[in-house]
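Chains as they are written, first to last, in my numbering: chain X, 1 to 242; chain A, 1 to 222.
Calculated lysine-lysine pairs in the DSSO-like style (CA-CA distance at most 27 Å, straight line):
#1 A:K48 <-> X:K52
#2 A:K113 <-> X:K52
#3 X:K107 <-> A:K132
#4 A:K132 <-> X:K110
#5 A:K213 <-> A:K113
#6 A:K132 <-> X:K109
#7 X:K52 <-> A:K132
#8 A:K132 <-> X:K114
#9 X:K52 <-> X:K5
These are calculated hints, taken from the structure and not from any lab test.
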Amino acid sequence: MIKFKDVNKWFGSLHVLQNINVHVKPGEVVVICGPSGSGKSTLIRCINRLEKFQDGELHVDGMPLHNYSINLTKLRAEIGFVFQQFHLYPHMTALENVTLAPIHVRKIKKKEAKEIGMEKLVRVGLGDKASSYPDQLSGGQQQRVAIARGLAMSPKILLFDEPTSALDPEMIGEVLDVMIKLVDEGMTMCVVTHEMGFARQVAHRVIFMDEGEIIETEKPDQFFDNPQTERAALFISKILTH
Amino acid sequence: MIAYYFQRLIEIFPFFLKGLWMTVIVSCLGLIFGTIFGFIMGVLRSQKIRLFNWPIGIFVSVIRGTPFVVQIFIVFFIFPEWGIQLNAISAAVLALTILGTAFICEIVAGGIKAVPKGQWEASASSGLSIVKQLRLVIIPQALRTILPPLVGQYVLLIKDSSVVSVIGVVELTRVGWLTVVRIPEGLMVFSLVGILYFVISYPLIRLSNGLEKKLSVGQISL
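All chains should be modelled from the sequences, with the hints used to inform the complete structure.
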């Protein structure tokens, strides 16, 4: 589904992704963690080409992203992306946020798109907030609308970039619950997060990154209980004692 | 004597209304075309595409950095030498359009740049094309920033239209000049001219202030 092969990326002279090799299979849930500036967000932003890379090969759903002439609309229609800061469209209601892409990218009729949008909002527990504007919703509710927006295109892959980092502690649970539900439904997901409970509970694999490199790729239990590298062990101890 | 002049001024008041009408026509056409071209150039300028950014930057700097009266002389007296023959009204509209375009371009580009980067990323991630990102997501939000100064710019354009009197367009200021020859009471004549400009500008000033207040607080659906 997603295959990185020797991917390298530089921001100026800074080598932010170094020889990345990752293979994510359909239905797999991969959690990417690591300290700030380790390149984890850059890594998942490459998957829907929010970031370009200079070297290596990346195939997503069979499309070669190292080939710059690919159809970006087609690629992005198959990938949902959930941002740390939600990035809901503030001039649109929750339902309009969710239905925008189905109407204008998938060319679904408005009435049908509204039905799909409502179904997605109900799925994230916000059926009663369809006509609310983002600034009338709490952070947790906004992030759930953002997840519904990502789901509305019926994507094959969902990417999460620190989806709970901007939330108050009491709102993290409601977002993680929605994400766990998606895992149960078999969605392919790449999640950048520091929620180690979530990683342990639902991830099939944990990727630990530092300074642009993948340091470890392990099953969650193995990663948390018996990290193979000192850097991973130090990171886990810091996260768990935080 | 004053009473006599006042009486004469009332008699020729319809002449002032004709001048006012010409001011409105020339200004409206200038601001309509200026808005259209200003938006197009502003959107292009906000995209940081070198091919557009460079020539637009020069155009804006030249127009903003030279007096309007010089620009209108060039349009009316120099353009014919290059084969572009325009009557006074067309030249006035063209010059106001060029002026409006330059200023509105900067307002629009500034408004678009003020929209958070995350809105571009979110709309791009949904698969929307760049045109749809602009039309559906970015410009509706940018309008919050754009509208108050845009309306303010309209007021400036209406006032700048007084300059077109120098090429013989019989608009409000020109009517003032023609009248003061017959009624040598400058204060009275140009007070009337000023009042008439104020009558058309004031509603726009109110609109600009109102938009600023309304758009700066709370959620409104644009």
